[in-house]
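Could you use the hints to bring the two separately framed chains together as a complex?
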Amino acid sequence: MAQDLAAVAKQIRIDIIEETAAAGSGHPGGSLSCTDILTVLYFDKMNIDPANPRWADRDRFVLSKGHAAPALYATLAERGYFPREDLKTLRDIDSHLQGHPNMNDTPGVDMSTGSLGQGLSAANGMALAGRLDGKDYWVYCVLGDGELQEGQVWEAAMSAAHYKLDNLIAFVDHNGLQIDGPNDAVMTVNPIDEKFAAFGWHVQVIDGSDLEAISAAIDAAKAETGRPSVIVCETVKGKGVSFMENQVGWHGKAPDAAQAEQALAELAAE
Amino acid sequence: MNAATRVAYGEALVELSQTNPDVVVLDADLGEATNTNKFHKACPERYFDMGISEADMMATAAGFAAAGKIPFASTFAVFAAGRAFDQVRNSIAYPNLGVKIGATHAGISVGPDGGSHQAIEDIALMRALPNMTVICPSDDVEARAATFAAVDIDGPVYLRFSRYATKTFHNDDYTFKVGKGEILREGADVALIACGLMVNEALAAAEELAGFGVSARVVNMPTIKPLDNDLVLDCARTCGKIVTCEEATIIGGLGSAVCELTARMCPVPVARLGVNDVFGKSGDVPGLFEEYGLTAAHIVKKVNSLLS
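As they're listed, the protein sequences go chains A and B.
Note that numbering that gives the first Met the number 0 has the first sequence beginning at 0, numbered continuously upward.
Note that numbering that gives the first Met the number 0 has the second sequence beginning at 0, numbered continuously upward.
Just chain B, with the same shape it has in the complex (with noise of 0.2 Å):
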């Protein structure tokens, strides 16, 4: 409840540790971190620490994949999609191995490590990958959910998780389903197409629009490849504008995604809500947030210069 999205994914590992014997976990020296150490203690014999070697470690969980495992690689999502980006093109999605990705720390919510930890390009650079789905759960809930579906999905997957802990918007009863976006709160005059910590956010923005008389739709859209290519034209038709919020670069991420479809199906106003082609740096997360324009407030703004 109400705890960090990485959390929700090392408890979720352990789950699936006793459900299924062919789940194994690989991580780079971080898993304490992502939370990997969970596995590592419920289930030894399956954990592979790879040390500080995320291109082998990407490479050799291709190799277990190949040889029939389920294999989750956790890493922070800069080094994940960054660092080891041609081992996860070239050993995981060009050959379509079902390697899922954990990657955790994404984002500006790392903080006060900065900006050479906080990845704002993952989302973008996963997105380019033929064979690759990108997920962004919006809670524990949902990321916990979204890790147990991981395992069905055939081929790679990229799990975003975050370190922030993030409030719990999910019930129990919530059934996650990948490609699905989810209606979190009807609205007529603009959408808001957010995933991750952003959702919260828009939830915020959408009360405090509804003060002013804006009804604003907020969507939540964990899944980012494949988009859920219905549900946001549906926006663009019912609300004719639309705002995307992500906790990452605008550039070829969620709002590029929305406006990709958008742009060839149903031309609308699309506002890009994220990280503006900046590097993060160091502090609070809520400082950051306020400082790179992450928040109800600047999505409330946004809106409101959509609408003039």
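Just chain A, with the same shape it has in the complex (with noise of 0.2 Å):
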């Protein structure tokens, strides 16, 4: 399973490679660095069928840093929500892949996403209507580091501790930077665990970029019961691709035909 999921994981970063040249905009950088936790979930965890996206007891994920958009389609794709030679339409006009995720447009995007902070309340609601329903089904959230400077994140996570959400499982894909610099030249938004810790979270930090780290971590968050979970992920932003690697430009910049075709050599290679 390892092995199949690190074919995934490279696979989906050589798409993220193409998708972002092909429209000559995107986000490589933070797509890059959560393409692990995506493989995991999609590949491993998640309870989903491709062939019914909107399968009332699915589990349901969002990309609450919905700029990393790329990373979701590819991982969609892969998964076969739509066929993989829709990706390179990322952002055209005419295509159903937006630049940040569109529940109405592509298949497999369990919520709308762009606008920073706002995920995490719509895994609650999710959450909260998936018991009240009395169904299993899990909500997973991928948050940016920088994007935790939005106050209502935090308003979301009070809400999912006091409504104990032991069905939601939160991931901060922590690579350190944002737009303006690192986060904490920014804004300073570490320690992150004590942050969560202290609104009643169960927490765990681990290499976002491990594989088994992430599916070991997602299963000790599974058996907690009483209180929502989130995973700490130390990630690389850009990672796979050196020249992108912990730099800030590859935020929301687009490889060039040259920079794409050494980045997937890269890939390649590995």
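Among the clues, some could well be false.
Taking lysine-lysine pairs in the DSSO-like style, the calculated list, with each CA pair at most 27 Å apart, reads [unchecked claim]: (1) B:K301 <-> A:K134; (2) A:K163 <-> B:K176; (3) A:K44 <-> A:K252.
Computed, partial: chain B to chain A, Cβ under 8 Å [as the list claims (entries may be wrong)]: (4) N1; (5) A2; (6) G62; (7) G67; (8) R82; (9) N89; (10) N199; (11) G251.
Since the hints were derived computationally from the structure, they do not count as laboratory data.
All residues carry an ideal CB built from backbone N, CA and C; glycine is no exception.
The following block contains the structure:
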């Protein structure tokens, strides 16, 4: 399984480079950093059916850091929600692949996001609805680290703990960078783990590029009862592409043809 | 009977709790004021107080809707449309999720709390959002009907309710139709197109105008988006002059909607009565209506200057 997942993650990273290069815009850095999380979720953990994207009993996923859409789209395509060749139409005027996830356009997208700080609240609503319906589906949510500067995230964190949402598992893609620089140079967010713990969550901190660690953390989170879980993933922005790794500048810039070629060569050689 | 529309809203929610298992209600620590506490008592397992976190409430409601529920999310209008605007825009309206926003305490009639709490811009804000239906009921009968109607509207709805009690003028056999206004009184010299608390003022104004030989048609326009274009144009063609009346800023609300239509299709003089681009203040409601130009007498004055 581990070998398979590594191959999937590699393919998703290749897709991300191809998508953004074709679009000429998009967010490769933060898409590459959360690829491993999405890989484990969609290919190992989530109870889903690509043939029935609106299946009422499915596990839900909210990409609160919606700009990482290229990663989500690549994951959904590889998982079978829509044809792989759609990926190169990212952000095109006639494409269902919008710049930020649109639940009405793209099969497999459970919630429209893009304006940061709102996805965790929506995930809470889904978790509450699931409990009300007596269903046992899980709700997963991936947040960015810069995104934690949005106050609404903490409103949602408060709510999740208050309502004891133990069917909710959040991830923080802690790659340490945002648009204007490193997180703590812009507006201090650390210590992330202590903040969530103070809000009443079960907290784990793991290597977010380690597929096994992600898998184990999800299992540990699922075993928790009476409180929501967050997995703070120490990740690398631009992971997999040497000239993008840990670089602030690759947040929202697409690689040009030459850069894409180099990136793809590196990924292929992995 | 003669209850504030927020009270009728709260009671309608209780009726819905019994007839529709998919309805859930969210509030932001204002259940006693918004009257959602009635639903809380009736159906506690489907009531979710989100605390003083309006942004969280709106996006959580979106999550409920995405998972197949019919959520009513309530707080004061100033917070529903203003504080949580981005959440309403991006988590509700943009994905076209069927969240029903029960916004109470709209307008100057909030009274003593003052300008920080008197939403005058909420109609304009909500009207500018694609996919949003905007309804402003004029009395308790209509408020109850609008709440039920909202359930059947496919997509998000903004329901504007008042804190202040209104005189009931609809009968129990009134059939509320989304997107349709109603002619309450016929007339040919001028059309008074009003919504919410201003409908009663318009009716009183028409009565006074009749005494001077001016026949004013009075129209209740509860749905501001989508506007009843046919009725508005009929008013323009039949009466030739229009005065719009709303307990909101004259920028961007009912008056603007009417102007946008008539300017394009049937240009006639339109005078907009409402709050004249100023914030509210603390006071008693009758005194505030007097000061802010929201009374029948002010409507009469507006008509007279339009006709002269």
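Handout entry: Hints that the structure is at odds with (numbers, increasing)
Key = Violated hints: 1, 2, 3, 4, 5, 8, 10 and 11; rest satisfied.
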